[in-house]
Each structure stands twice: as structure tokens, then as C-alpha cells.
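Protein chains: 2
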Amino acid sequence: MADCIFCRIAAGDIPATIVGRTEDAVAFRDLNPQAPVHILVIPTRHITTMFDADTDLAEVAVGQCIRLAVQVAKREGLEPGGYRLVINTAKDGGQSVFHVHVHLLGGRAMAWPPG
Amino acid sequence: MADCIFCRIAAGDIPATIVGRTEDAVAFRDLNPQAPVHILVIPTRHITTMFDADTDLAEVAVGQCIRLAVQVAKREGLEPGGYRLVINTAKDGGQSVFHVHVHLLGGRAMAWPPG
Chain H
1 MADCIFCRIA AGDIPATIVG RTEDAVAFRD LNPQAPVHIL VIPTRHITTM
51 FDADTDLAEV AVGQCIRLAV QVAKREGLEP GGYRLVINTA KDGGQSVFHV
101 HVHLLGGRAM AWPPG
Chain F
1 MADCIFCRIA AGDIPATIVG RTEDAVAFRD LNPQAPVHIL VIPTRHITTM
51 FDADTDLAEV AVGQCIRLAV QVAKREGLEP GGYRLVINTA KDGGQSVFHV
101 HVHLLGGRAM AWPPG
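Chains as they are written, first to last, in this note's numbering: chain H, 1 to 115; chain F, 1 to 115.
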């Protein structure tokens, strides 16, 4: 989608600090980090919110994002310390960009509740 | 795993308020809810932490958990309001039960940062 900032990052049209990539997912640093490590992992293909994720294709795409997040977490030195993965959906979830993304946060102890 | 409380819930050996189930995942209410809706979704097959999720099998299992969470969220009336999905890993992530689980939280506005 031409007007989606995350589609444009995935396509290389907007600069971002890319830290991982597979055929179907891209990981890059969050511009407003909430932890020493704060990375976003997005599916290359546009999915607006998790409301649209109840399809086989979306299940695979989100599964691949989670797996890339796990791999990036390891490279970022978050094993064995740990980390939190977060997916925000719509207003109550705090979603700010309407292209599905997985937040990977680590490098500090995360509190409970999660927001 | 006989000594894993979530394996025992999945097997029906420990009571829980089950709100959804597929062949490979089970959803039930969290006993210490942090939001009006707070549900856990677990893979039926034991995975200790996301550290162990960098395999094809685990990618599929976690993808199915996320999809079941999306379906349960819809049934719980969290569309179009929204919700947050959270996976805690190890100590810094705040993981308390060592069987991978997806938290589904909704029914209130979730704050930022997520813990």
C-alpha cells in the first residue's frame, strides 16, 4: 500500500535500521524505544490489524514474524535474560500504525501488567 | 509433561475455564486477570519458552495460538474496540509459567509502554 509507512519501509523506500529479514518479514528498530532493545517485526505483505489475521495466509505471516523476532532476540543478546513480544490491535490495544507489527522489547525487566 | 500445570490444563487434568480449543491450541481465562478480558492461549504440545520456538513445528504452533487468540477476541466482543497480545519470555519478560502462552488482554485501553 503506497500510503502505508511500514509497507514503504519493507520496500526500502523509507530508511530504517533493518536488523533482520526473511522472504516474508522485516525487523527494524523502533524510533521511540521503550526498552534498551525495541524492535518491530512486520509482515512484508500488508495486513491492517489482527482483526484481518483469521486466515491461513495471515496465520503463516504472523507466525513468521514471531519466529524472526525470536531469532533477532537471540542475536541482540536477549538470551537467557528474556524479552516480551507485544502485538497491539486497534484503539484499546494502542495500535498506532495500521500495518500489523510485533514489538520485541528486552534489555530490562518488563513490568506487569503489560500496560 | 506431567509436572507442567499448562500441560495438565490442556489434558483436562486441572480445571480451567476453557473458552476456545483447536487441535493444537487451548484458550482459557487467566486466574489473575489484568483487564476485563484476560485469556491465555497455549499450544497443546509443550514448549518451555520462546527460546525453543525457532523451529518449523514451534512456528506453526505459535501461529495457531495467535490465530485462536484472534478468534476468541472476536467472540469476547473485542472487535472493533481492540486488544493486546503479549508473550513473556524468561525472567526479563516476566514469564511465570514455563509453557509458552499468549496473553490476550482487552476490555480497557491498554497503556504504553507495555510494562
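Incorrect hints may appear among the rest.
What the hints assert, rightly or not - These stretches of chain H come out as covered by chain F in the derived footprint (C-beta under 8 Å, 3 or more residues):
| no. | segment |
| --- | --- |
| 1 | 9 to 21 |
| 2 | 50 to 60 |
| 3 | 63 to 73 |
| 4 | 76 to 86 |
| 5 | 90 to 98 |
Quick caveat, the hints were computed from the structure, so don't treat them as lab data. C-beta: ideal position from N, C-alpha, C; glycine also.
Ascending list of hint numbers which this structure does not respect: 1
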